[in-house]
Amino acid sequence: MRRRKRQTILIAVLFLFVPLTLLGIFTYYPIIRGVILSFCDYNMFTKKVSWVGLKNYEEIFRNKYFYEALINIFKYLVVVPFIQLTAILTAILVNQNLPGIKFFRTLFYIPVITGSVIVSMTWRWIYNVDGLLNNLLLSIGIIKEPVLWLTDERFALYSVMFVTFWRGIGYYMVIYLAGLQNIPSELYEAARIDGANGRQILTRITLPLLSPTMLFCFTISSLAALKVFEEVFLMTQGGSGTTTMMYLIYDYAFVRFKFGLSTATSVVFSGILIIFTIINFKFFGARGDKR
Amino acid sequence: MKPKKILRTVFTYTIMLILALFFTFPFIWVLSTSFKGPGENLFTWPPKLIPKHPTFENYIAVFNKVPMARYFLNTIIITSLGVIFQVVLSALAAYPLARLEWKGKDMIFKFILLPLLIPMEGALIVNFITILKMGLYDSYIAVVLPSSVSIFGIFLMRQHYLSVPAELEDAARIDGCNEFQVFWKITFPLVRPATAALAIFAFTAYWNSLLWPLIVLRTPTKYPIQVGLSQLSSTFEPNFRTASAAMIIAMTPILTFFYFTQRYFIEGYKGAIIE
Amino acid sequence: MKRGLLMIFVFIAVIGFCKTITLEFWTLSLSPTFDKYINEMIADFEKKNPDIKIKWLDVPYGSAVQKLTAAIAAGQGPDVVNLNTTWAVDFAVQGALLPIDNLIPQITAKQYWEKLWNATVVDKKAYAFPWYASIPVLIYNKDLFRKAGLDPNKPPKTWDEVLEYSRVFRSKLDIYGFEPNIIAIDELLLEGVPIVTADGKKAAFNTPDAVAKLEWFQKAYRENLMPRSLGGYGEGREFYQQGKIAMYPAGLTMLKHIEVNSPNIFKVTDVSAYPTGKAGIIKVSLMNLAIPVTCKYPKEAAKFAAHVTSAKWQIEFSKYATVLPSTVQGLESSEYFRQRVKAGDINAKAMYIASLSMKNAVDLNAPAIIGVPASKLPDVRKVIQDYWMKAIKGELTAKEALSMAEKEVNEILSK
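Protein chains in written order, with my numbering: chain D, 136 to 426; chain C, 49 to 323; chain S, 105 to 519.
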């Protein structure tokens, strides 16, 4: 027993040493520096540093775009349950051993690797005033006048969200596919013999056993939603009220060269993300950690 | 029984075809553009998907205009290094965080997750200076090292290790395996689908990386494939046909890797029982 | 023995004199298109300056700021770097660039258009050599003109005429007249509206001229004369090629895009002068060469920068790219160019038209032109742009938008 305990500690140390060291150098060190810098006025080029205490934080909270960004990213969370549900169903769909299934799975992954320029260009063709979407809706009669999907403040963010949805399904499908492999097929067979229908199998067997993966995916997906930047920018150039937190952080750093403000925004944003993740874990975690 | 099965299969394929169209329409447009000749208008409305006189000349042009073969080689090196680092380090690091019982396990896991919640834009510059100090400027290793530990990867692997039935491991222990053997012979093979998923994501990320390699490399002969793409699509390089061909060339390896990695998406169970 | 020592002595002396300096030169997205041109220009310089070697690195435009920032911050910056005006000014304000006034003889500075030299002057110090420039022209579709009953040889000369012509396009062909790239501060300056008072302390743009210009945009939006998606020049380029807009006011470089990607549209395309506003100036997109503070050989770097931006090499560049030299001596002195215009080359015609306006060309991103202190400029810009766009979309009246913008800008300036 003591030998096992020793082996356990040995494994823990051995397996974690290199990763933790690398994380320390390339992830934690920049973070600590960043946090310290958030209390300073720092010029990257002249290396002049001066302590300003909470001045950066005061300035961020006075920026009206800070609040707009905050609201936008929380609105963006709406996309998460849609992506997750669709990804789960898609994963189940392609988890069958049909001929050509590998080909279809590859096709579904394509949005994930399609370049941003192409994504924004082709989706604009759909969202344009005389684009596909308006033509479709007008011809069916759902709308009477073309809708400005990308410039109308009421719709802009949601239009971009749909693109995120489109891009995310292939990605999470892969993760759920991996997760589905942990469910022994014997369980399905047994359930079918017992007369269970599709929906019962889904809710009583698949979803519960997929819990650890769901915890993972909901967490990652929510964080991605809160951290959204590129997609929104490419499609609306930040106009029509679609600014986000990551954009502010980037803008402070590489457009205005105010690294103190950038890291201060990061710190405040991190606080929000941490609280959010704790809530997420409490909601899903109980099921996820069960052996 | 039989007709019901046929109906179900037809239904499945129909849905998959619709989904395929939904997901690949931009890709199809790029593909068709890459085969269009110089006389053909690219931006007609509505868009024309079938080229009038399909030609391979754009693909040839890509290799003539930029050193695409060289970029390819560089990207293969960077991506291989990156995938190996990420998969190995994540698979190893996640194991003690999931399976073994030791003090501080939960705390270290939370500690590792923390940076996911702390986005720092300036990290780019700090890491560049660190790389310089390590004497790794202008090396492939420099491209891979800072991102070699994937927190996402550790998180994913841990969730999968948690799903491995304890009975299998206990059985191995009773059979006389030490802890290392339990990991290597039982647990790790069982999470192969997760390892495969991680490999796919690592491949995608490294294959498509642009900014970090640009910052940390200074010899153009070491540049990765995305630089080639941006060289074919600038203010002075407006030919969208060559740019499209380059995009297709760049996307193909990722899709090929994806296709062939899928054989690991089988119940890990079945692989392990044989051992 | 004595001979041996002498030889060693000479050898050391020669080495000492022939100490070769290597300068690193970064350009933005010019490779591989202009490899031949750049290499020729470098070879010419190296021949004239045998103890200086140039190492050329081309950087993709989209990643340039981050790469340069990281490099300078780490002490590994280039010696001469190609930047647009906005970036050059931003870096200069942060103390990342060396002032160049003392690095070159007065006469060199005078070879450029004065307004362009002043584009990168911050706190009375010059920070960059003006390099190649692009000016907007009016690109239009002769075919659509004919179809709408308009004379393709009489394109609109003023913005009011643009509006009138657009109304014809809307009523006769049911297409958009044009697609502008709306940058509020630019539009104000082009109408001669100052952004701030002379002391830079208060907003000064809420004038009747500003209201008139904003209402002009509102009309264009309301009557559907320009696309309501407001996608700017990127979308305009697409729409023009799709035949959805008749007129495309855009930079010279857009012509090549149209020529290569939509040859049929290019066949019926013609160019005319970009309509000017009340101020009679025309905006220019300027590229520059700057010297980062990390440069160890500023005088040599300046020499090279002056060489690259010399009239001779800039005119040579115009043979390969639809751009204009920033030097006073321009394309009209080039026989090659005159022949191209005679031969009916549309690109050459556009460049000719554009070069006629060079003396009125102003880079509207220059801080001296806008008058707002560099640290407050991004916020001021965003506020004015937001309210401008809201008014165009009809959410506010022109007067309301300008008043609200004025109030917020005053708040920013008073901090």
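Hints in this document: simulated from the structure, not taken from any laboratory. These figures come from a predicted structure and were not determined experimentally. There's no promise every hint is true.
Taking lysine to any residue pairs in the SDA-like style, the calculated list, with each CA pair at most 25 Å apart, reads [claimed, not checked]: (1) C:K158 to D:K279; (2) D:K279 to S:R271; (3) D:K362 to D:K140; (4) D:K279 to C:P94; (5) C:K158 to D:G159.
Some chain C residues flagged as far from chain S (calculated, every beta-carbon gap over 10 Å) [what the hints assert, rightly or not]: (6) G152; (7) K153; (8) L165; (9) L180; (10) A253; (11) I263.
Cβ atoms here follow ideal geometry from the backbone N, Cα and C, with glycine treated the same way.
Hints versus structure:
1. C:K158 to D:K279: 52 Å, violated
2. D:K279 to S:R271: 24 Å, holds
3. D:K362 to D:K140: 41 Å, violated
4. D:K279 to C:P94: Cα-Cα ~22 Å, so holds.
5. C:K158 to D:G159: Given pair C:K158, D:G159 holds - Cα atoms ~15 Å apart, limit 25 Å.
6. G152: The assertion about C:G152 holds, with a minimum of 36 Å to chain S.
7. K153: Check passes; 37 Å lies beyond 10 Å.
8. L165: 23 Å, holds
9. L180: Answer for C:L180: violated, closest chain S Cβ roughly 5 Å.
10. A253: 17 Å, holds
11. I263: At about 5 Å from chain S, C:I263 fails to clear the 10 Å cut-off, so the statement is violated.
Checked against the numbered hints above, the structure breaks hints 1, 3, 9 and 11 and satisfies the rest.
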